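Chain residues, written in single-letter form:
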Amino acid sequence: MLHRRKGAIPYALLAPGMGWLLLFFVVPMWYLAKMSLSSGLFPTFSFSWAWGNFHDAITAYQVQFIRSGEYAAIATAIALAVSYPLAYWIAFRGGRWKNLFLLLVIAPFFVTYLIRTLAWETILSDNGIIVHALQDVHILGSNGRLLATSAAVIAGITYNFLPFMVLPLYVSLEQVDQRLIEAAEDLYASRARAFARVTLPLSLPGVFAGVLLTFIPAAGDFINAQLLGTPRQYMIGNIIQSEFLAVRDYPTAAALSFVLMAAILVIVLAFARILGTERLTVSA
Amino acid sequence: MRFLRRQVLTVYAVLALAYLFLPIGVVVAFSFNNPRGRFNFTWEGFTWKNWTNPFGYPGVSGALKVSIEIALVSSFAATVLGTLIALALVRYRFRGSATTNLLIFIPMTTPEVVMGASLLTLFVNWRIAQGFGTILIAHILFNISYVVVTVRARLVGFDRHLEEAAMDLGANELVTFFRVTLPLIMPGILAAGLLAFALSIDDFVITYFNAGATVTFPLFVWGAARVATPPQINVIGTAIFVIAVTGMLANILFQQIRSKRGVVAV
Numbered sequence: 001m002l003h004r005r006k007g008a009i010p011y012a013l014l015a016p017g018m019g020w021l022l023l024f025f026v027v028p029m030w031y032l033a034k035m036s037l038s039s040g041l042f043p044t045f046s047f048s049w050a051w052g053n054f055h056d057a058i059t060a061y062q063v064q065f066i067r068s069g070e071y072a073a074i075a076t077a078i079a080l081a082v083s084y085p086l087a088y089w090i091a092f093r094g095g096r097w098k099n100l101f102l103l104l105v106i107a108p109f110f111v112t113y114l115i116r117t118l119a120w121e122t123i124l125s126d127n128g129i130i131v132h133a134l135q136d137v138h139i140l141g142s143n144g145r146l147l148a149t150s151a152a153v154i155a156g157i158t159y160n161f162l163p164f165m166v167l168p169l170y171v172s173l174e175q176v177d178q179r180l181i182e183a184a185e186d187l188y189a190s191r192a193r194a195f196a197r198v199t200l201p202l203s204l205p206g207v208f209a210g211v212l213l214t215f216i217p218a219a220g221d222f223i224n225a226q227l228l229g230t231p232r233q234y235m236i237g238n239i240i241q242s243e244f245l246a247v248r249d250y251p252t253a254a255a256l257s258f259v260l261m262a263a264i265l266v267i268v269l270a271f272a273r274i275l276g277t278e279r280l281t282v283s284a
Numbered sequence: 001m002r003f004l005r006r007q008v009l010t011v012y013a014v015l016a017l018a019y020l021f022l023p024i025g026v027v028v029a030f031s032f033n034n035p036r037g038r039f040n041f042t043w044e045g046f047t048w049k050n051w052t053n054p055f056g057y058p059g060v061s062g063a064l065k066v067s068i069e070i071a072l073v074s075s076f077a078a079t080v081l082g083t084l085i086a087l088a089l090v091r092y093r094f095r096g097s098a099t100t101n102l103l104i105f106i107p108m109t110t111p112e113v114v115m116g117a118s119l120l121t122l123f124v125n126w127r128i129a130q131g132f133g134t135i136l137i138a139h140i141l142f143n144i145s146y147v148v149v150t151v152r153a154r155l156v157g158f159d160r161h162l163e164e165a166a167m168d169l170g171a172n173e174l175v176t177f178f179r180v181t182l183p184l185i186m187p188g189i190l191a192a193g194l195l196a197f198a199l200s201i202d203d204f205v206i207t208y209f210n211a212g213a214t215v216t217f218p219l220f221v222w223g224a225a226r227v228a229t230p231p232q233i234n235v236i237g238t239a240i241f242v243i244a245v246t247g248m249l250a251n252i253l254f255q256q257i258r259s260k261r262g263v264v265a266v
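If you read the protein sequences in the order shown, they are chains A and B. All residue numbers for the first sequence refer to my numbering, where the first residue is 1 and numbers rise by one. All residue numbers for the second sequence refer to my numbering, where the first residue is 1 and numbers rise by one.
Simulated from the structure, these hints should not be mistaken for laboratory data. There may be inaccurate statements among the hints.
[Said to hold, decoys possible] Taking beta-carbon pairs under 7 Å as the criterion, some of the chain B residues facing chain A (in silico):
1. A13
2. F21
3. S118
4. V245
These numbers were taken from a predicted model, which means no experiment stands behind them. Here a beta-carbon is modelled for each residue, glycine too, at the ideal position from N, C-alpha and C.
All chains, full assembly: derive it from the sequences and hints.
Quick look at the structure:
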């Protein structure tokens, strides 16, 4: 559109927004990095190349790190199992009501996160129907409960990040060219085989994006563990939160934050390698 | 067999949707509850009184007002900043575009606790008192990336010939931008703005780290949940839900009608 002074225009367009990102994302990360290598007590911390912070943080909170990874992985797997058939159904059977069904998927998430989680507290409570039903069929003992267990926390995480799984899955399934599936069937592939060899591979970018977008917030979450669990279910997010806001041991909290980011990065890259979709991280 | 499989998938999808709506049903139902104690976790009886008095719990209305103000300002600012970035990324080739893309992408993959913590560290270092302003800074920040991604998706499918036609007919660059480009990408910009508004009004974690003494609606719910869960929380939650869903339903119906009339749905 604009032909003159082409060299300067994109930078002028970028400047305000990218300036904001630099000032309030990159610079804070730099301060957080410095803090993770500092020592001292609140409010006077001094930078001292204190690499020991990382060692201390990992050894002290190893349990919560592993638990976060486990909870997030299980929740992501369940979310994928729930979402894939749903997204498939909307994409291939939704017809002209696709947008309406998508709206139905997103709609519940317009109820504030915390209120949704409190609703799960009601559903899973000791007097709730789910606990009573499970007690009746003897899956739970007569004193058994759901609230304050790992199951409750994982259930909460699974639910709360579900749209992040459904939407990318839907987008990639929606783009699958129906004619390719028909072609596979014309060539005598069974429906299952056509799905396994055509639809599924073509939807892998959506699977990758969905897993990424679900796993990352799930691994860093602390609300579900706080409201649906007990300190025995605390995740690394709970620790970072309380180290920052209650204990005020900023260096430890900062070190934990970086370990969390690094761990997530490693898991994401490993997962990308397994799926063979490294290229897609850029476009995701 | 084929028929059966179709039905299995449909049943599964209906069950999945039911699962999605289960907690919402609980939220709506318990907005009509008449709890005897301070906690609204067990059903005690039906009442209208929470709905006739939605702000009847101290602090609710103030917190809601703060949330709406922050959501309005931050979604507007982020939409402007993000749209400019999207225009630059789609329309121009320039040195540093790969780095720009990366810098847009990384915040979306940063756990919220980490983003909140890094901003807290910044404000402590710069001795900036936390409050309304710092919440605003944080919300604009996390919204920018989502706006860029949404608007960029719209711009990529844009027919450049329309602009060339306008210029051939004698419009200058600015006129072309405001009369052709902007109206055509407006749906994308509006969608981005709505997304930003929704993300802002719902945010808890990043706000929690940077709020100081200011209380937004999610912070209010969090604070209240330790000592009580007044049914007014459910009333406001339900109201926000109904308003948002009505708006989106209207949008879908509008698009359906438009596309039936044969207007190009951009």
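Each hint tested on the structure:
1. Using the Cβ-Cβ criterion of 7 Å, the hint placing A13/B at the interface with chain A is satisfied: the shortest such distance is roughly 4 Å.
2. Residue-level restraint check for F21/B holds (minimum Cβ-Cβ distance to chain A is 6 Å; threshold 7 Å).
3. Interface restraint check: S118/B against chain A, minimum CB-CB distance 4 Å, threshold 7 Å, status holds.
4. With 7 Å as the threshold, the beta carbon of V245/B comes within range of chain A, its nearest partner Cβ sitting at about 5 Å, so the hint holds.
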